[in-house]
Amino acid sequence: NAGVTQTPKFRILKIGQSMTLQCAQDMNHNYMYWYRQDPGMGLKLIYYSVGAGITDKGEVPNGYNVSRSTTEDFPLRLELAAPSQTSVYFCASSYSRLNTEAFFGQGTRLTVV
Amino acid sequence: AQTVTQSQPEMSVQEAETVTLSCTYDTSESNYYLFWYKQPPSRQMILVIRQEAYKQQNATENRFSVNFQKAAKSFSLKISDSQLGDTAMYFCAFIGGNGLTFGKGTHLIIQP
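Line order of the protein sequences matches chains A and B. Counting along the first sequence from 1, when you hit position 22 you're at 51 in my numbering, and nothing is skipped either side. Counting along the second sequence from 1, when you hit position 28 you're at 254 in my numbering, and nothing is skipped either side.
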């Protein structure tokens, strides 16, 4: 059982470059989330999705885009990377909004130089 | 908006001692869940314990228990007989209408 799979695990980007962080889950979960974790700041919600075709902004959506064309996949797109986007990114999924835990991927450490 | 506050950035205790991590939250919702997640140096997020807001009984998982005070919007985590492997970041989290919201975390260090 793979759970939540994030790729890549590490990436270095130059300022102004773009990239897509991939996230896939094989648990048929409806809810998927993208978080960023900065040192000493906990996890902040970037975007979330309650099902295929539905996405919504979280606390810190600027500079990011998402799509949810299938239940399994929830990619996060960074356009015009900036040093402020240097962080660790986590994808998570859960079956429903309330009564189940969220399962997390291993994280992607992104550095923008 | 829902917020989660962890007021202890770092705590350190001796092995085998009991330690309590604090968490308060703010919400206008009546139906929600609360969680404690552990993040060891491997970065993996591991669920420690969960509490349903409509249940008055405090959740317990082996050495981990919570003190849930709904009126005070408080959700503390007690770790009994602490072990070296408990060293990690601990995040309190709230799930409600706006998804899963985390506190800033408490870095717990268990000293041998």
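Simulated from the structure, these hints should not be mistaken for lab results. Please read all numbers here as calculations on a predicted model, not as lab measurements. Among these hints, one or two may not hold up.
What the simulated footprint calls covered on chain A by chain B, stretch by stretch (three residues with Cβ under 8 Å from a Cβ of chain B suffice, anywhere in the stretch; the number is not a length) [to be verified]:
1. 68-75
2. 94-107
3. 130-141
Derived DMTMM-like pairs (lysine to aspartate or glutamate); straight-line CA-CA distance at most 25 Å [said to hold, decoys possible]:
4. K73/A / E108/A
5. K86/A / D55/A
6. K86/A / E255/B
7. K73/A / E101/A
8. K330/B / E243/B
9. K73/A / E241/B
10. K43/A / E130/A
11. K299/B / E255/B
12. K43/A / D55/A
13. K330/B / D312/B
14. K299/B / D252/B
15. K43/A / E101/A
16. K299/B / D55/A
17. K330/B / E255/B
18. K281/B / E255/B
19. K330/B / D67/A
20. K73/A / E255/B
21. K38/A / E130/A
22. K281/B / E236/B
23. K73/A / E278/B
24. K73/A / E243/B
25. K304/B / E88/A
26. K299/B / E101/A
27. K281/B / E130/A
28. K281/B / E241/B
29. K86/A / E108/A
30. K73/A / D102/A
31. K73/A / D252/B
32. K304/B / E243/B
33. K86/A / E243/B
34. K330/B / D85/A
35. K86/A / E101/A
36. K296/B / E241/B
37. K296/B / E130/A
38. K330/B / E130/A
39. K299/B / E241/B
40. K281/B / E243/B
Positions of the beta carbon are idealized from the N, C-alpha and C atoms, including for glycine.
Next item on the list: Output the numbers, in ascending order, of every earlier hint that fails for this structure.
Entry: 2, 9, 10, 12, 15, 16, 22, 24, 25, 26, 28, 33, 36, 39 and 40
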